[in-house]
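Use these hints to put chain B onto chain A, whose structure you have.
There are 2 protein chains.
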Amino acid sequence: MQQYTVTFSPDNVRATVPAGTSILEAASRAGIALKSTCGGQGTCKRCIVQVKDGQVTCERDPLPETLRGEGYTLACQTKVWGHVTVEIPPEARLAKHRVLLQDEAPASEAGAAEELLGGRPFQPLCEAVNLQLDPPTLTENASDWHRLRGALRRHRPEEYSTIGLPSLRELAESLRRADWQVKVVLAQLKGASEVIRVAPADSGGVYGLAVDLGTTTVAAALVDLAAGEVLGQAGTYNRQARFGDDIISRVIHATGEEGGLEELREAALASINEVAAELVEKCGIAPEEVVVATLAGNTTMSHLFLGLTPKYIRLQPYIPTTAEYPIVRAWEAGLNIHPAAPVLVFPSVASYVGGDIVSGTLFTRLSESDELVLFVDIGTNGEMVLGNREWLMACACSAGPAFEGGGITCGMRAMQGAIERVEVDPATSEVRVKVIGNTKPVGICGSGLIDALAKLRRAGILDRMGNFVPERAGRRLRRGEDGYEFVLAWKEESGTGKDITLTEGDVKNLIRSKGAVFAGIQSLLKTLELQLEAIDKIIIAGGFGNYLNIPNAIEIGLLPDLPPEKYQFAGNTSLKGAIQVLLCRQAWEEALEIGRKMSYLELSAGNLFMEEFVSALFLPHTNLELFPSLAGEREGGSNHWPGA
Amino acid sequence: MQQYTVTFSPDNVRATVPAGTSILEAASRAGIALKSTCGGQGTCKRCIVQVKDGQVTCERDPLPETLRGEGYTLACQTKVWGHVTVEIPPEARLAKHRVLLQDEAPASEAGAAEELLGGRPFQPLCEAVNLQLDPPTLTENASDWHRLRGALRRHRPEEYSTIGLPSLRELAESLRRADWQVKVVLAQLKGASEVIRVAPADSGGVYGLAVDLGTTTVAAALVDLAAGEVLGQAGTYNRQARFGDDIISRVIHATGEEGGLEELREAALASINEVAAELVEKCGIAPEEVVVATLAGNTTMSHLFLGLTPKYIRLQPYIPTTAEYPIVRAWEAGLNIHPAAPVLVFPSVASYVGGDIVSGTLFTRLSESDELVLFVDIGTNGEMVLGNREWLMACACSAGPAFEGGGITCGMRAMQGAIERVEVDPATSEVRVKVIGNTKPVGICGSGLIDALAKLRRAGILDRMGNFVPERAGRRLRRGEDGYEFVLAWKEESGTGKDITLTEGDVKNLIRSKGAVFAGIQSLLKTLELQLEAIDKIIIAGGFGNYLNIPNAIEIGLLPDLPPEKYQFAGNTSLKGAIQVLLCRQAWEEALEIGRKMSYLELSAGNLFMEEFVSALFLPHTNLELFPSLAGEREGGSNHWPGA
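Protein chains in written order, with the numbering used here: chain A, 31 to 674; chain B, 31 to 674.
Keep in mind that a hint or two might mislead.
[Said to hold, decoys possible] Just so you have them, the derived chain A footprint on chain B, three or more residues with Cβ under 8 Å: (1) 162 to 168; (2) 197 to 203; (3) 336 to 343; (4) 628 to 635.
[To be verified] Here are the simulated PhoX-like pairs of lysine-lysine, each with C-alpha atoms no more than 25 Å apart in a straight line: (5) LYS213/B - LYS341/A; (6) LYS213/A - LYS341/B; (7) LYS75/B - LYS109/B; (8) LYS521/B - LYS464/B; (9) LYS538/B - LYS75/B; (10) LYS220/B - LYS220/A; (11) LYS470/A - LYS521/A.
[To be verified] Restraint ranges, calculated between C-beta atoms of paired labels, are given here: (12) PRO151/A - LYS220/B: 26 to 34 Å; (13) GLN561/A - ARG183/B: 35 to 43 Å; (14) LYS220/B - PRO119/A: 57 to 65 Å.
If you are wondering where the hints come from, they were derived from the structure by calculation, not from laboratory data. These figures come from a predicted structure and were not determined experimentally. Idealized CB from N, CA, C, for every residue including glycine.
Same shape as in the complex, but just chain A (with noise of 0.2 Å):
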């Protein structure tokens, strides 16, 4: 098939592709990360580019007769047809993103795990022994599993050996190449201990893969095992991102189309690989140095990465095939790691409260807690955790992607360019913004959203059901296509040319979602007859709770109104329980016996949730007895206006 040049600017980099090839597809394939909310369904509007040269044809655009003029068209409904010279304008760009990894401060990459251990003993998964076997004659030719394993149980008399086919097929050259002085590399897995790789004594090292596969981001730590040291950490968008921004639509993908399921177990795999690759390059090892992986992710990215069908998750009543994962080994799995590598998958509870919870309910250690403790994970989708070494008790309410940025007018991840704070002047209405990375802002993300909420209620702006008060709002108010919209920053300002805004209906949006965290709280806390204050210690983690302001998540009612002092912010806690795992093997029985031990209430049964969701639709909610601290408070009272 004629084959075609894509070429991209500003980047300057080019893709070959097969005639008829979506632009989408090109820039992915050169490395580019569009924006695609849809799925490349074309109803997004996420992946506007500029086609500055050669022969395109577009199926379906539903841009305006102005833009296309100029050349402006989606990217996924644009097919090459010729050598193609496409401009990419900021927006459209999934930029260099913060994913978040085990701390915030990115600095701090490499350090003694033992903080990381929260004093459980240092156990790793796997661990080396020096061997010395002597070499085979005509009288002693034992094969060479047997020799090995002999050595094996004369060093370790109280362990049963195995050996799985690929480090099988590597035996023979290993031990010759080795001159029979080897270094054995055993994985410790259910009272056996398995031989992973055989390297000449006293070379290479012992190294463990741990790996948050979420949603939107995947996050990896590279883990020393011998030292017990994190010595690298990386991350990346989840390259499923192109089947669709929200699990939804992957599921669907993966269901409806024919290989699609295939397809996200792919991309899964592919950003894991570029991660992991990223890794040893970084720290200078070798992909097969690296002898076991453990990965912590929800249902359906635990489903997807292992290729099972999450077809039943999304369908009522919501069933996963397992909440158990097979430790599969790397090579079955895909991973550019040892071939023989283990690859623990983190267990779920069910189909809305996955590996992810489990991992970070290990590592808070909420199980072995005397106090109760809410445990608060914020994405696309909310998770909470409350309990203690009793009991645990687990939900999950769709909170959408407004925290992330979808769904919201002007919404995008916290990356490059993103208002992540915002401040108004209740007197004169006038807004200042911070954006990352200190460049135009292009966007808002979560944390500037819930700020600007929480900022525009304060100055009464906002009122308590989320309508704009023209007679406060000043001039930044005007009427758009679909109502009020206040701008946040006009287009002079900003890094696309247009003002940044915040519409009536993204108000509403933001309201349903943090509404919907709110409700999940209570239903907790009513099923099990039990009062906010009897919470000890709340718990926040996630990709979004790192730049969570707590007063402002209180004062929109997304949060309980419990003393700060109570709240605690624990990082990717994903990614920390499935570093603990590498260090310490005791916790995978824990956190086995977690998923096991967690009772799952599934929201969608009865009508508890939905009437909790109804009250808390407002800002912060319909009894205001629950927020006692905002009770004394002035409306559009004090605000601190930075520098006046």
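Chain B in isolation, oriented as in the chain A frame:
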């Protein structure tokens, strides 16, 4: 690249191949098996074909000018550079072969497996249970696997159930397709029961595939594990033959050529998949109903099947990678049966005593015998096991390919056109032959060669040293290029238009072969300080054994001079043992135990074997005391001339 069509007559089949492909390769793609002993090196000169039309080049043509002038060429050395028509002479073709199955007669293919159990309990490796599951609801929302495992646990409280990734990938749809009324096929392995397949209740069967993977041929049986019945058997050539007829050529190809190991693995697999496909079609079942496989082969075949390097099997001190093989799944191995089906490869004892011998030992119940039993399997290698319930000792010697027709001027495998019996009139030195398929002879196979040797010796035409005696031989003896040759069939009677002869060189080859086998037996006995008379029973197994005339084999000194009633033919014990394990999982534990218990006598260590070998290079032997039954015989004496 330019593609050309190669048309083969008389079959009138075609292959389309890239320019520069060898005719040998083109024939293989067209499904025509040509003889090739040297693995395409151009040295064995077996793959002679006649190019009728089209452009070819021949890099290395060792054929005489007269043949070349008629278009004859070596298929392996001749490349096509245009559309070509090729005639295949009958002698170059690997004809349909009497692949040795469970029993000699191909008619008795189906039958109860009772005799195959040999008194062991009927406890098949896989069984089905029918279960009725409660469909999930919003409040009873356990995962599919949890639900199924719970039902299994209620059904069989004493068993722990597991499931592998391929079956887990199917589980969600299988349960719903069956509307929660399921037939669950379980494999009983290592104390756990593993879910292999989930189907609608009362649908489908439970079948196992037993495979004897031989160097030359592949034989397989399809077994109904519910009924305990062998449904059918089939055999084919091992497609590895195009890389060389013998083990050593294949090991060299596997270890010397880039990708050679993978080529051999795939060739073995293709052969097995061919017979498996034939069997499932013949028996009218679906491939995924075959839920377990057992495979017995020599150590090199087992290594190649699993992709383990055979390199050090060939090099002193002859060390295999392993003697016990991990249980792999069909999808890992590449077998076209249910992807999750466990594949049990019989353990080896040493590099030259493999799983086929362990399987045979299992089937013949040698390791449970009170009597002293000698088990002999004669192929290219001669393998023997001596022992009883107390102990087992095995050895292997290189018999060479002579008994399979290799290295013999007019030698061929036991297939249509092969002389399988020879009678010699001691008075006239005239010869009568019996040909497989009752066609014109094109060569002579192993049993014919043994007959010829015995009858020529008895007629005084061969002396004890294996030299021809011209004064006794008559008009059939003549001087050829390399000394004397004896004409077994004149060209007017033959299917090739050439005389079929036995040369002095052939006789020496045969004497070396039979001497090696006898010396192996003697070495075992001497190592154990036992006399021939101590043997209570001799079991003859293997591809050759079924067509062996015992008195003639004794007469030439191939087998010990013991009363005929001590001899017993057991057929393809390798396949029979593989079937037995399918029907009785206890037998698998015994096979593992036999592999561990059997000691191995390495004949290349020390001088014992070499001394015995030299003494055995006579007809029948240097030491005639070992052959008392032949002592009274008058040379050239009583020979039965049929019809005389």
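(request) Verify the proposed pairing of LYS538/B with LYS75/B, using a straight-line Cα cut of 25 Å. (result) The given pair, whose Cα atoms are some 21 Å apart, holds under the 25 Å limit.
(message) Quick check on a hinted range of 26 to 34 Å for PRO151/A and LYS220/B, using CB atoms only.
(response) 30 Å, holds
(request) Please work out if LYS213/B and LYS341/A have their alpha carbons no farther apart than 25 Å. (result) 22 Å, holds
(request) Tell me if chain A covers the segment 197 to 203 of chain B under the three-residue, 8 Å CB rule, please? (result) Per the Cβ count (5), the hint holds.
(request) Report holds or violated for chain A covering the segment 162 to 168 of chain B, Cβ cut-off 8 Å, minimum 3 residues. (result) That given contact holds, which follows from 3 residues of the segment 162 to 168 of chain B lying within Cβ reach (below 8 Å) of chain A.
(request) Starting from LYS220/B, check that the Cα of LYS220/A is at most 25 Å away, please. (result) Holds. LYS220/B to LYS220/A sits at ~14 Å (cutoff 25 Å).
(request) Verify the proposed pairing of LYS75/B with LYS109/B, using a straight-line Cα cut of 25 Å. (result) 16 Å, holds
(message) What's the verdict on LYS470/A and LYS521/A, does the C-alpha distance respect the 25 Å limit or exceed it?
(response) 10 Å, holds
(request) Report holds or violated for chain A covering the segment 628 to 635 of chain B, Cβ cut-off 8 Å, minimum 3 residues. (result) Per the Cβ count (4), the hint holds.
(request) Go ahead and decide if the range 35 to 43 Å is satisfied by the Cβ distance of GLN561/A to ARG183/B. (result) This hint holds: roughly 40 Å between Cβ atoms.
(request) Between the segment 336 to 343 of chain B and chain A, see if three or more residues pass the 8 Å beta-carbon test, and mark the coverage as holds or violated. (result) With 6 residues closer than 8 Å to chain A, the segment 336 to 343 of chain B meets the three-residue bar; holds.
(request) Please work out if LYS521/B and LYS464/B have their alpha carbons no farther apart than 25 Å. (result) Distance of about 16 Å is within 25 Å: holds.
Comparing the model with each earlier hint shows no violations; every hint is respected.
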